[in-house]
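Chain residues, written in single-letter form:
There are 2 protein chains.
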Amino acid sequence: MEEDKKEHITFKINEELVEQVQSLINADNKAKVFEIMDEYHYADIAEILEEISFEQAIYVIKLLDSEKTSDILSELDEDIREKILDNLSAKEIAKEVVELDTDDAADILAELPEDKQQKVIEKIKDEELKADIQELLAYDEHSAGGLMAKELVKVNENWNVTQCVGEMRQQAANVTRVHSIYVVDKDDRLIGRLSLKDLLMAPDHYQISSVYIPKVDSVHVDDDAEEVAKLMQKYDLEAIPVIDDDKILKGRITIDDIVDVIKEEAEKDYQLAAGITQDVESSDSILELTRARLPWLFLGLIGGVGAALIMGDFEAMLKDHAVLFFFTPLIAAMAGNVGVQSSAIIVQGLANDDVKGSVNTRLFKEMLLAALNGVILAMFLLLFIWAWEKNLYTALAISVSLIAVIIVAGIIGTFVPLFLDKRGIDPAIATGPFITTSNDIFGILIYFWIAKIILQI
Amino acid sequence: MEEDKKEHITFKINEELVEQVQSLINADNKAKVFEIMDEYHYADIAEILEEISFEQAIYVIKLLDSEKTSDILSELDEDIREKILDNLSAKEIAKEVVELDTDDAADILAELPEDKQQKVIEKIKDEELKADIQELLAYDEHSAGGLMAKELVKVNENWNVTQCVGEMRQQAANVTRVHSIYVVDKDDRLIGRLSLKDLLMAPDHYQISSVYIPKVDSVHVDDDAEEVAKLMQKYDLEAIPVIDDDKILKGRITIDDIVDVIKEEAEKDYQLAAGITQDVESSDSILELTRARLPWLFLGLIGGVGAALIMGDFEAMLKDHAVLFFFTPLIAAMAGNVGVQSSAIIVQGLANDDVKGSVNTRLFKEMLLAALNGVILAMFLLLFIWAWEKNLYTALAISVSLIAVIIVAGIIGTFVPLFLDKRGIDPAIATGPFITTSNDIFGILIYFWIAKIILQI
Numbered sequence: 034m035e036e037d038k039k040e041h042i043t044f045k046i047n048e049e050l051v052e053q054v055q056s057l058i059n060a061d062n063k064a065k066v067f068e069i070m071d072e073y074h075y076a077d078i079a080e081i082l083e084e085i086s087f088e089q090a091i092y093v094i095k096l097l098d099s100e101k102t103s104d105i106l107s108e109l110d111e112d113i114r115e116k117i118l119d120n121l122s123a124k125e126i127a128k129e130v131v132e133l134d135t136d137d138a139a140d141i142l143a144e145l146p147e148d149k150q151q152k153v154i155e156k157i158k159d160e161e162l163k164a165d166i167q168e169l170l171a172y173d174e175h176s177a178g179g180l181m182a183k184e185l186v187k188v189n190e191n192w193n194v195t196q197c198v199g200e201m202r203q204q205a206a207n208v209t210r211v212h213s214i215y216v217v218d219k220d221d222r223l224i225g226r227l228s229l230k231d232l233l234m235a236p237d238h239y240q241i242s243s244v245y246i247p248k249v250d251s252v253h254v255d256d257d258a259e260e261v262a263k264l265m266q267k268y269d270l271e272a273i274p275v276i277d278d279d280k281i282l283k284g285r286i287t288i289d290d291i292v293d294v295i296k297e298e299a300e301k302d303y304q305l306a307a308g309i310t311q312d313v314e315s316s317d318s319i320l321e322l323t324r325a326r327l328p329w330l331f332l333g334l335i336g337g338v339g340a341a342l343i344m345g346d347f348e349a350m351l352k353d354h355a356v357l358f359f360f361t362p363l364i365a366a367m368a369g370n371v372g373v374q375s376s377a378i379i380v381q382g383l384a385n386d387d388v389k390g391s392v393n394t395r396l397f398k399e400m401l402l403a404a405l406n407g408v409i410l411a412m413f414l415l416l417f418i419w420a421w422e423k424n425l426y427t428a429l430a431i432s433v434s435l436i437a438v439i440i441v442a443g444i445i446g447t448f449v450p451l452f453l454d455k456r457g458i459d460p461a462i463a464t465g466p467f468i469t470t471s472n473d474i475f476g477i478l479i480y481f482w483i484a485k486i487i488l489q490i
Numbered sequence: 034m035e036e037d038k039k040e041h042i043t044f045k046i047n048e049e050l051v052e053q054v055q056s057l058i059n060a061d062n063k064a065k066v067f068e069i070m071d072e073y074h075y076a077d078i079a080e081i082l083e084e085i086s087f088e089q090a091i092y093v094i095k096l097l098d099s100e101k102t103s104d105i106l107s108e109l110d111e112d113i114r115e116k117i118l119d120n121l122s123a124k125e126i127a128k129e130v131v132e133l134d135t136d137d138a139a140d141i142l143a144e145l146p147e148d149k150q151q152k153v154i155e156k157i158k159d160e161e162l163k164a165d166i167q168e169l170l171a172y173d174e175h176s177a178g179g180l181m182a183k184e185l186v187k188v189n190e191n192w193n194v195t196q197c198v199g200e201m202r203q204q205a206a207n208v209t210r211v212h213s214i215y216v217v218d219k220d221d222r223l224i225g226r227l228s229l230k231d232l233l234m235a236p237d238h239y240q241i242s243s244v245y246i247p248k249v250d251s252v253h254v255d256d257d258a259e260e261v262a263k264l265m266q267k268y269d270l271e272a273i274p275v276i277d278d279d280k281i282l283k284g285r286i287t288i289d290d291i292v293d294v295i296k297e298e299a300e301k302d303y304q305l306a307a308g309i310t311q312d313v314e315s316s317d318s319i320l321e322l323t324r325a326r327l328p329w330l331f332l333g334l335i336g337g338v339g340a341a342l343i344m345g346d347f348e349a350m351l352k353d354h355a356v357l358f359f360f361t362p363l364i365a366a367m368a369g370n371v372g373v374q375s376s377a378i379i380v381q382g383l384a385n386d387d388v389k390g391s392v393n394t395r396l397f398k399e400m401l402l403a404a405l406n407g408v409i410l411a412m413f414l415l416l417f418i419w420a421w422e423k424n425l426y427t428a429l430a431i432s433v434s435l436i437a438v439i440i441v442a443g444i445i446g447t448f449v450p451l452f453l454d455k456r457g458i459d460p461a462i463a464t465g466p467f468i469t470t471s472n473d474i475f476g477i478l479i480y481f482w483i484a485k486i487i488l489q490i
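Top to bottom, those sequences are chains A and B. Adding 33 to a residue's 1-based position in the first sequence gives its number in our numbering. Adding 33 to a residue's 1-based position in the second sequence gives its number in our numbering.
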């Protein structure tokens, strides 16, 4: 048994296991299903439930006790959890919720429709827990208050070590991970901390006020979740206390919540760069995926129509210089690629707080960089077109235009995210089809302008 | 003073501070520079050093004591650290390195040239530390061994609680964060753990073998760093012990190292999606940035040339159907965007281990999705071209081709990352200009084929 449990760490849910669970559920073999589920970690069970049918998942949830199912629910994909909670009564949900840490409990409750949420809260008997959850529900989801849990270990500066250890033992029973012991004054104001290591080494008769560390990092309940994440990363913190305007200790944020914030942020940026507006997974419905993807494609369509209109304007050049038109996809592609490269570097720099120096310096550097890349690429293109079309002028016109297009694309790619950031808009939206589309249009316009000038000399 | 220290948490390094530090250094005011540096966290000082000149940074490093500078060095940007270490003797580096946790020490040593690395190691007097660092240097950087630190708290199953606490106090003095207490047998094999919470609540006279939890997650020294990161996230672990083939406890990985792995991985994927080959920052030199960006642009150039060649082949259609050529940037853009969207969803799914089901089902779903998007977009395009060119046939030819192009792009975008992943290649490379370029060429080819067929009826 111990060996079994130990093995879960390298175990991946495989199809055989899922099939085995399914046939046992179909055969209504409660004992065996229970036995299998008992062997696995709740995160693994959540994965299994995501693979089997909804009715089968409900079967498993009703079979297991709430200590385990609460954690499973917490791990489940939001879509599936919503469907399962729909099938549970307010009383049943309350039974699950009280087993969880307050932050996870509040997260689940926040997903429920208003009226069901109220009903579930009414069913929570522990008045303190009820108040805690209601408090957490009131904070903005993306604030420190929305991230924190009420579970923490705090001691009063006026206790002695023995008294403190006694109180802590009680408190620790409710806290999954102790991390730091926070020290408060008589009014519950955060005044310092007591490290576990120090506690292990402190003689029993000492007074807390004489052994605590009066230096403690904290964030405010209204601080932005992403800022808290950056801060905890920068200062390598595994937990941080959260205080209100009066410095009253309200809760604690732990690093595992921060890991989720970082992952979500990275995924959002990645999806924006790829032209996907909202959080979707490959398993989502075709309709959801369309809703996330179509707006960006529509933007691309408008860009393409714009490019076509521009080319229509230059139709007169078609007779003598048809080859110019053959290179429009190349020009559009290069403008798009350079723009995305430039903006991605800025977006990442902004996310990591290391975009320094003035906008002008940055634009100048990007211009130099784009010019360097442009000249190298243009030389290759010049040789190719010259060899293909046997016309140096055309080759020159296209190559010189390419350099100009690349420089402009680089500048737009650098400027737009900086501009958006200054206006308080997430600069990551500048990396996707947005920049590609505008660069397509600008690129083709610049291309024909310059080519026209060179070829008419 | 306490208040000062407390404030650092919301403090951002500003230009005034940097200028103040610079002028104090120029005035050689050692006392005042020291006083300022003493007030800030090492992560803040690292940020300041990244802002000032290299000579000024060296000045600060030589001024502060190694307990603080070692942490500062560890936080610095790799480029700047390299330059600073170049200016320190082997003995000076050794003095810094011994102050760090073994994993950070090994990371810094790994960056040094082979001969300097050897010289630094020779200067480390503590034989145990020397052996630990040498062991860590031998592991692959991207393996669990490369991530772990030797610092941990372990107790022998044969000790009693009192004996254990005594030993632990000693061990804890060298460990920044205790997390878990690992239990080993007489041969140093990992057999379980003792939670800090349990320890706080355990009576003193108990034997460890009777109170320890014989269930402990662990990873193998050769396990891939990314897999360890996924695992620690999935099971919400804040630390995990690392064992070798004989189950000997070799070290411990903590969540803060995992946060770095997750961030690096996300940044790499993001940069690949944006067409940037290697880890660059906006502050890097133009040459470094060119090296990271030019290869992808070159790929785009080849794609554009390919598209031009295809269009050259269809030159005969130019006379009667010039408008077809005006929409090639649109076709290329749509093919590229759809391809990137599809592949990004697959890449993200693969990274999160939630791409399930057969490849065929997935391709079929993507085909349906692309067809739905394609039809919607094509309808708009049809109306526009019809109104613009007053030619229903041309409008129909372009619109139908667009649908075909979108479907093919979606299939390529889905298939390529799955294929690469099967072959053990990082599927993230499929999201960038790679897929855009191939889709540009395929898209334009399909477009002209279909348009030709429709228009020649």
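Derived from the structure by calculation, the hints contain no laboratory data. There may be inaccurate statements among the hints.
Copies of the same chain look alike in the list, so a pair counts if it works inside one copy or between any two.
Cross-link-like lysine-lysine pairs, in silico, DSS-like; alpha carbons within 25 Å at most [unchecked claim]: (1) K149 with K219; (2) K263 with K398; (3) K352 with K485; (4) K267 with K301; (5) K63 with K156; (6) K296 with K267; (7) K423 with K352; (8) K301 with K263; (9) K423 with K158; (10) K267 with K116; (11) K219 with K63; (12) K280 with K128; (13) K65 with K263; (14) K301 with K280; (15) K301 with K398; (16) K116 with K398; (17) K263 with K296; (18) K95 with K128; (19) K248 with K65; (20) K187 with K149; (21) K156 with K65; (22) K280 with K158; (23) K124 with K187; (24) K455 with K156; (25) K352 with K455; (26) K267 with K158; (27) K124 with K158; (28) K248 with K101; (29) K128 with K296.
Fair warning: this is a prediction, and the values are worked out from it, not measured in the lab.
Do the hints match the structure? See the list:
For a Cα distance limit of 25 Å, the shortest separation of K149 from K219 qualifies neither inside one copy, at 38 Å, nor across copies, at 56 Å. For a Cα distance limit of 25 Å, the shortest separation of K263 from K398 qualifies neither inside one copy, at 27 Å, nor across copies, at 38 Å. For the identical chains of this complex, K352 and K485 are neighbours both inside a copy (13 Å) and across copies (21 Å), given an alpha-carbon limit of 25 Å. Proximity of K267 and K301 under a CA criterion of 25 Å is satisfied in both settings, with 21 Å inside one chain copy and 20 Å between copies.
In this assembly of identical chains, the alpha carbons of K63 and K156 never lie at most 25 Å apart, being 28 Å within a copy and 65 Å across copies at closest. In this homomeric assembly, K296 and K267 come within 25 Å of each other (Cα to Cα) both inside a single copy, at 16 Å, and across copies, at 12 Å. Within a single copy, K423 and K352 get their C-alpha atoms as close as 17 Å, and across copies as close as 22 Å, so both meet the 25 Å cut-off. Within a single copy, K301 and K263 get their C-alpha atoms as close as 16 Å, and across copies as close as 18 Å, so both meet the 25 Å cut-off.
Taking identical chains as interchangeable, the C-alpha atoms of K423 and K158 are never at most 25 Å apart, the minima being 86 Å within one chain and 72 Å between chains. In the homo-oligomer, the alpha carbons of K267 and K116 lie at most 25 Å apart only across protomers (22 Å), although the nearest pairing inside one protomer, at 39 Å, exceeds that limit. Taking the closest pair of Cα atoms, K219 and K63 never come within 25 Å of each other, the shortest separation being 53 Å inside a single copy and 42 Å across copies. Neither within a single protomer nor between protomers do K280 and K128 lie at most 25 Å apart by alpha-carbon distance, with minima of 33 Å and 40 Å respectively.
Taking CA atoms no more than 25 Å apart as the test, K65 paired with K263 passes in neither setting, with 46 Å inside one copy and 29 Å between copies. In the homo-oligomer, the alpha carbons of K301 and K280 never lie at most 25 Å apart, since the shortest distance is 33 Å inside one protomer and 40 Å across protomers. In the homo-oligomer, the alpha carbons of K301 and K398 lie at most 25 Å apart only across protomers (23 Å), although the nearest pairing inside one protomer, at 28 Å, exceeds that limit. Within a single copy, K116 and K398 get their C-alpha atoms only as close as 52 Å, which misses the 25 Å cut-off; across copies the closest is 23 Å, which meets it.
For the identical chains of this complex, K263 and K296 are neighbours both inside a copy (12 Å) and across copies (11 Å), given an alpha-carbon limit of 25 Å. For the identical chains of this complex, K95 and K128 are intra-copy neighbours only, at 12 Å inside a copy versus 60 Å across copies, given an alpha-carbon limit of 25 Å. Within a single copy, K248 and K65 get their C-alpha atoms only as close as 54 Å, which misses the 25 Å cut-off; across copies the closest is 23 Å, which meets it. Taking the shortest Cα distances, K187 and K149 never come within 25 Å of each other, neither inside one copy (33 Å) nor across copies (48 Å).
Taking identical chains as interchangeable, the C-alpha atoms of K156 and K65 are never at most 25 Å apart, the minima being 32 Å within one chain and 61 Å between chains. Taking the closest pair of Cα atoms, K280 and K158 never come within 25 Å of each other, the shortest separation being 29 Å inside a single copy and 47 Å across copies. Proximity of K124 and K187 under a CA criterion of 25 Å is satisfied in neither setting, with 32 Å inside one chain copy and 44 Å between copies. With identical chains, the CA atoms of K455 and K156 are never at most 25 Å apart, being 47 Å at best within one copy and 50 Å at best between copies.
Taking CA atoms no more than 25 Å apart as the test, K352 paired with K455 passes in neither setting, with 47 Å inside one copy and 49 Å between copies. Proximity of K267 to K158 under the C-alpha cut-off of 25 Å is found in neither arrangement, the shortest distances being 41 Å within a copy and 31 Å between copies. For the homomeric pair K124 and K158, the shortest alpha-carbon distance inside one copy (11 Å) is at most 25 Å, but the shortest distance between copies (65 Å) is not. In the homo-oligomer, the alpha carbons of K248 and K101 lie at most 25 Å apart only across protomers (17 Å), although the nearest pairing inside one protomer, at 38 Å, exceeds that limit.
For the identical chains of this complex, K128 and K296 are neighbours neither inside a copy (30 Å) nor across copies (37 Å), given an alpha-carbon limit of 25 Å.
The structure fails to meet hints 1, 2, 5, 9, 11, 12, 13, 14, 20, 21, 22, 23, 24, 25, 26 and 29 from the earlier list, while all remaining hints are met.
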